[in-house]
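Visitor: Produce the complete structure using the sequences and hints provided.
As a plain string of letters, each chain reads:
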Amino acid sequence: MAAPETSTAAVPTLHTNNTLRNAFGGVLSFFILLLIGVLAFLIRLFSVIKYESVIHEFDPYFNYRVTQFLTKKGIYDFWNWFDDRTWYPLGRVIGGTVYPGLTLTAGTIWWLLNSLNIPLSVETVCVFTAPIFSAFASWATYLLTKEVKGVGAGLTAATLLAMVPSYISRSVAGSYDNEAVAIFALIFTFSLYIKTLNTGSLFYATLNSIVYFYMVCSWGGYTFIINLIPMHVLLCIVTGRYSSRLYIAYAPLVVLGTLLAALVPVVGFNAVMTSEHFASFLVFIIIHVVAFVYYIKGILSPKMFKVAVTLVVSVGLAVCCAVIAVLIALVASSPTKGWSGRSLSLLDPTYASKYIPIIASVSEHQPPTWPSYFMDINVLAFLVPSGIIACFLPLTDASSFVVLYIATSVYFSGVMVRLMLVLAPAACITSGIALSEAFDVLTRSIKFQLPGVSSGAEVDEGETSSDTTEARNDEVKAEKPEEKSKDRPSKKSKKKEREHVEKPSAKAKVKTKAEKKRLLALPLEASAVSLLLLILLGAFYVVHCVWAAAEAYSAPSIVLTSHTRNGLHVFDDFREAYAWLRHNTDVDDKVASWWDYGYQTTAMANRTVIVDNNTWNNTHIATVGTAMSSPEKAAWEIFHSLDVKYVLVVFGGLIGYPSDDINKFLWMVRIGGGVFPHIKEPDYLRDGQYRIDSQATPTMLNCLMYKLSYYRFVETDGKAYDRVRRTEIGKKYFKLTHFEEVFTTHHWMVRIYKLKPPKNRIRGKTKKSKSKTSSTSSSKRSGTKKNPWL
Amino acid sequence: MGKLWAISIASIFILLPFLGNAFSPESPTDRRVLVLLDDSAIKSSHSIYFNSLKSRGFDLEFKLADDPKIALQRYGQYLYDALILFCPSVERFGGSIDLAAILDFVDSGRDLIIAADSSASDLIREVGIECGVDFDEDPSAMVIDHIGYAVSETEGDHTLIASDDLIKSDVILGSKRIEAPILFRGIGHSLNPANNLVLKVLSASPSAYSANPKSKLSTPPSLTGSAISLVSIVQARNNARILITGSLSMFSNRFFRSGVQKAGEKTKHEKSGNEQFLTEISKWVFHERGHLKTVNVKHHKVGETDEPALYRINDELEYSVEIYEWSGKSWDPYVANDVQVQFYMMSPYVLKTMSHNKKGVYSTSFKVPDVYGVFQFKVEYQKLGYTSLSLSKQIPVRPYRHNEYERFIPAAYPYYGAAFSMMAGFFIFSFVHLYSK
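First to last, the protein sequences are chains C and U.
Using UniProt numbering, count along the first sequence one by one with no gaps and you end on 790.
Using UniProt numbering, count along the second sequence one by one with no gaps and you end on 437.
None of the hints are false.
Here's a subset of chain U near chain C, in silico, CB distances under 8 Å, partners left out: (1) VAL106; (2) ILE129; (3) ASN192; (4) LEU197; (5) ARG237; (6) MET345; (7) VAL374; (8) PRO396; (9) ARG401; (10) HIS402.
Computed list of lysine-lysine pairs in DSSO-like fashion (alpha-carbon distance at most 30 Å, straight line): (11) U:LYS293 with C:LYS756; (12) C:LYS72 with U:LYS301; (13) U:LYS301 with C:LYS73; (14) U:LYS393 with C:LYS759; (15) U:LYS393 with C:LYS754; (16) U:LYS378 with C:LYS754.
Footprint (simulated), chain U over chain C, 3 or more residues, beta carbon under 8 Å: (17) 80 to 91; (18) 756 to 765.
No lab work stands behind these hints, which were simulated from the structure alone.
Note that beta-carbon positions come from the ideal geometry of N, C-alpha and C, so glycine has one too.
Guide: Following this line, the structure appears as C-alpha cells:
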C-alpha cells in the first residue's frame, strides 16, 4: 500500500529512460523496504512505551533464563545444561530438549554488541529481538512475493506483514518466543525455495538448506516446511511442471536439510524416524523416479519408450506396493503411528481433546473462533480469495506454491489458534498480490480514460510494479516454454497469447498497447471509486493494526492494568509474589504451582519448581493436579513426598482476573484423573456444571485448590463475592489444617502457602465430649499407612 | 520449629534432633531442672530419687505448683532444661505456667516427667492427652490386679501392684536386668496404637483392670489387661523426651526401700525394682542414653576428596557419616550394623548398609544409577529408644555431556566403512563421468 502511493511522486521523472527508471525504482524500493522495516520495528514498541521493557508472558521467561545461562556460561555448557531447578526431582536436560535458535540468535546479538562495547543487558536484547526479526520477516516477505508477482506485490505484501496483528501478537517487544524468529525463518525458507525454483541455482538451493536449518533450530513448526514443500513438488509433478529447476530446488533441501536438522539435539534422529518427515522422503523418491523417466524419455525413441514404460510401471508398481507395505507395517508398530500428539491433533482436530487433556488444556491449542480471524488478519481475510485468483493469472510454479501455502495454512489455523501465525504471512502475500493487481488494473484504466492527463505520462504507478513483474515473468517464461513445449502445447499457446498482450507494454509500443488495453479498461468513475475504496480499506487495516498493536497485544500479562473512574490501576501482583519468594525463601526450597507459572517462578523467583510450561512429563503434572484436587491432608502428603515447601495459587476472584487457577481447575482434575483414577471429574461438577457457590459439590468445596484460593476471602468484603464467577462462594469460613498462608499479594492475585511441618507430638484421644467421634476417626486413620497428624 | 522444618525439607544437612533443642550437643552438661510439687513434703519423701538426679549433675529447683512466681522462661529464654511435674492434683499452676506453656516447653525440645495419681487433676490429664497418653477417664479409678498384686502385711484392695512386664530395650532401661518387680499404685492409661511416638515401658499384667476399688463393678471396666500402661515414654519428633506415669508414689522413698513379693511367687526381693527402674529411665529421659548425633557427612567420587556439586550417571562414589552417642559425659562412637544410606529420588535407587570402623565412622561406596535427576543421600535411622536420625542431602545427577560418549564404537565400523567407501566411490564416479569422453 505504502509502496504504490509513495512511488507516485517519483513517477514523472522516470519515464524518459528505462534503465534510469529501473535504477530509480530499485533505489526507491530499497528505501521503501527500509521504511517498512522501521515500521515493523516501531509498531511493536507500544508494549515498551505503555508498560516497560520487560519480558512477557510465560515461555519467554524460560527463553530469557536460557539466554542468560548461554551468555554467562557459553555454548558448550548450554548444550550440556542439565537443569536441576525445574521438574524436581526429575530435572530437565535443557540443552537436548530446547530449540536453540532463538537463544543462540539473541546470545549472538548480545555478544556482538558487547564486543562492540555497547553494554546492553541480556534482557534488553531479548526484549528487542522480536521486533528486529519482524523487520527481517517483512523483508523476507518482500523477497518471496517479488519472486511470485513482482516488486509491487512484494512491497505491498511486506507492508501488510509488517503490521499484521496476528504476527504482532507474537512479536511485540518483550515477546521473546521461538515464533519471533521462526516466522522470519519460515518465510525466508519459502522465498529461497521459490528463488531456487525460479532460477535453478544450486547456490540458492544450498542457502535454502541453511535457512531451513535455522528454522529447525528455532521452532517445531519446521515440520510445516518439510511437508509443504514436498506437497508443492508433488503438485508440480502431477500437473506436469517437472523441471530440472524443481529438482534442484527440492533434492538438495531434503538431503542437506535432513542432515542439518539431525544436528539439532532436540530433533536428532527424529529427522528420519518420525512420520512428520516421511512425506519429504517419499516425494524425494518420486522426484527421482520422475527425473529418471524424463531422462530415459530423452534418450529413447518414442516407441521404445512406450515399451519401457509398460515394463517399468508393472515392475515399479510391485516394488512400490512392497515398500509401502513395509512402511505401513513399520509405522503401525508404533503406538501413536509415529506421530506426535501435537501433530496428530493437527490432522484430527478432536484428537487432543479426546486423548491428551494436557494439549487440549492450553488455550492456544484450541480451535479459533470466527471473530479471531477478523481480529488477527482483519481485511486480509477478504483480500485472500482475490489474491488466490490473481495467482492463477497466470499460474506459475511460484504462484502455485503460494496457493498451496494459503490453502494448507487456512486449514491448520482452523485447528489451532496458535497456527494463525502461519496463516498470517500467507494471507499477507496473497493479499499483497491482490491489492497490487487491483491497483494495477484500476490505475491503468484511469490512465486510459484520461488521455489528456496521462498522454505524456504513459506509465503510471501501477505499471512500474506490473512492468517489472511482467519483465520478470517474461524471463522466467522464456526458458520455461522450451521445456514444456512437448507436453503442454495448449498451455504454451495461451501463454504466448498473453505475452503477446503484455510484451508490447514493456517495449512501449504505445499504439497497440493502447488498443489492447482499452479493451481491458474499466470506466473512469468505477475505477476512481474502487481505488478510493481500496485506499479506504487499506486505511481501515492500518487503523486496526495500530489499535491491535497498541491496545490488544501489547500487554505483558505479568503486569495488568485496568481503567476505572479513578484512573489507571496497575496490578503488579505476579512480580510482587515472585519477589517475595526470591527474598523470603531458601534457595533450595521447592515451590509447587500449576504448570503455567513454572517458567516464571524459576526465572523470576529463582526457586525450584515441580512442573513447568515444558509439559514433557504428563505423570508429574498429573501428580500436581491430583494434589490440587485432593483434600488438604492427601494433598499435603503428595506435596510432602515431593519435598515441596510452598504452594502458589493464582486467584482472580477479588479483582476479576479471569485466567486464574479456579478457572483452570477442571483441567487439573482432568489431567490428574487421567493418571490417578480416584480423581473423577463428575465429583467436582453439580449436574454437569462447574460451580463454586453453595450448590457446589462437597468434593469441590474440600479440595485444596478451593481452600487455598478462598481462604480468608470472606474477610475482604464480608460476603465473599467472587467477581470472576459472579457469585458468592459456597464455603466461606474454614480453617487450614495442613497449610498456612505466608503471603498474599496486594490484590490477592497470587497467594503463597507453606506446608505445615508434621506435629511434634501426637495427641491422644480428645476430651470426653468428643471421645466418640475421635475414636471412630482414629480407627479409620490407623488403616492408612502412615499418618503424622492424628 | 518453622525455621527448623524449612531447613529439613530443603534437604540441606538436617540435624533435626539438635536444632532448637535444649539438649544441645555443644553443651550437654549442667542441666537445670524445675520440679513442681503439690506439697513440699514430697521433697523429703521422695528424696532418694531427687538425690540420684542431683548426684548425676542435675541442678534441681523445687517449687510449689501454685507458687505465683514460677515461670518457665524469661525474656524468651528458657530457664530450665527439663521439668518434673510431681503435682498430680494441681488445678492451676501459679505464675505464667499453663498447659500451653508446658507444651511449648516440650516443643522446644525440653524434657518432661509427669507423675499422676488417683487424685490427678484435669490439667495433668490434659498434659497427658497432649502428649499422647490417655489416663482412665473415671476420676476414682485405680489399677487393680487380683493376681499380680504385691504381697503385703495387710490384705488390701490389691491396688499395690508388683509388675515386671517391662519393655525389652537396653537403651531405655540400661543393660543390667531389673530383677525385682516394680511397685506401682495409681491410675492406668492407654495409648493409641497408631501413635508411633509413644512407648509402653511398664505395662500391667493381663489380669489387671482399671476401676474404683471402693465400689463394686457395675459395668465392665474400660481399661483392662495389658492394654493398660503403667509407665510410658514419649519421644517427640524433635526428640524431646517425656516420661508419664500414673503413680507418684512409685518414686517415693518408701517404695524404693520396701521389699517386694509378687503374689503367687516364692521369691521375696529385699528391695523393689523401683529405684533401678526409675533411675535408669530417667537417664534415658535426660538424654544420657540413646541420644545420637551425626557429624561430618561427606561424599565424593572414588579417588577424590572434594565434594562435587553434582555427579554424573554411573560415577562411583563414596559416602561417609560419623555417628556418636552421648554417654552422659562424653560423645562415644555409636556402633551398630544396621545403619543404611539411601540414594533417593522419589524412591530409593540404592539402599546400602554402611560399614563402620568402630570409631563412629560409617561409610560405603556405590555406583550412581544410570538415571539422571535430583537425588538425595538419605539416612533414616529409627531404632527403638534412640533419637531418630534423619539426614538428607540433595545432589543432582547429570547425564553424559555430548563429548563423554565413546567417539568410535567397534560395532559401527561397517557403517564407517560404508560411508567412506561411498564417498570414494562417488568421487571416482564423478571424475569418470566428467572427464571420460
